[in-house]
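Visitor: Chains as they are written, first to last, in the numbering used here: chain H, 1 to 114; chain P, 115 to 225.
Check each hint, because a few of them may be wrong.
[Stated by the list, open to error] Partial chain H-side listing against chain P, Cβ under 10 Å, derived:
hint	residue
1	GLY3
2	VAL4
3	GLN6
4	SER33
5	GLY58
6	CYS91
7	ALA92
8	LEU103
9	HIS104
10	ASN107
The hints are simulated quantities; they were obtained by calculation from the structure and are not laboratory data.
Note that the coordinates shown come from a computational prediction; the quantities given were computed from them, not determined experimentally.
All C-beta atoms, glycine included, are put in the ideal place defined by N, C-alpha and C.
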Amino acid sequence: NAGVTQTPKFQVLKTGQSMTLQCAQDMNHEYMSWYRQDPGMGLRLIHYSVGAGITDQGEVPNGYNVSRSTTEDFPLRLLSAAPSQTSVYFCASSSRTGGNSPLHFGNGTRLTVT
Amino acid sequence: GDSVTQMEGPVTLSEEAFLTINCTYTATGYPSLFWYVQYPGEGLQLLLKATKADDKGSNKGFEATYRKETTSFHLEKGSVQVSDSAVYFCALSDSNYQLIWGAGTKLIIKP
Chain H
1 NAGVTQTPKF
11 QVLKTGQSMT
21 LQCAQDMNHE
31 YMSWYRQDPG
41 MGLRLIHYSV
51 GAGITDQGEV
61 PNGYNVSRST
71 TEDFPLRLLS
81 AAPSQTSVYF
91 CASSSRTGGN
101 SPLHFGNGTR
111 LTVT
Chain P
115 GDSVTQMEGP
125 VTLSEEAFLT
135 INCTYTATGY
145 PSLFWYVQYP
155 GEGLQLLLKA
165 TKADDKGSNK
175 GFEATYRKET
185 TSFHLEKGSV
195 QVSDSAVYFC
205 ALSDSNYQLI
215 WGAGTKLIIK
225 P
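Let's have the full structure, built from the sequences with the hints guiding it.
Guide: Quick look at the structure:
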């Protein structure tokens, strides 16, 4: 059971660089989301998707882009990395919108921007 | 807006001690309430949930009761083990079915 797979696990970027965090799930879940986790702040929703071709902004979308071309994949793009984006990023999926059914999380990507 | 407040950690206990982690919320309507757990180096996973007032969620010896009158959903366990060491997150589902998260409480159990 792969569940939700995130890559890479660790990444160091310089200010201004771009990169894509990958997320894939094999549970045929319609709902997928990206969170960032910062000390003392819990999880904050960046972007989410309720199905292929549909995305929407969460609480902290600035500086991030997403797309959902397939049910399985939901990549998160940082267009021009900033030190404020240093965080741990989690991808999560569920069969229905997050509050209606359990979220399944990946193991996270720890990103450092210098 | 809706919010969740958890007790600050870390909470440090000895093995077999009784555990309470406090969680209170503010919300319009009647949200569903959740506890998620994050073990070191892993993503979060659902521990238990309750969908209406007076419901009790339970799993792996943990329990939490949805108290509408006190807007609380405190997590309890009668006898903790070293393997329970983790970060625990309380969350609610808002009117748009998005999850609103508490800041998390780190639990350390000493043998």
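Visitor: Which of the listed hints are broken here?
Guide: none
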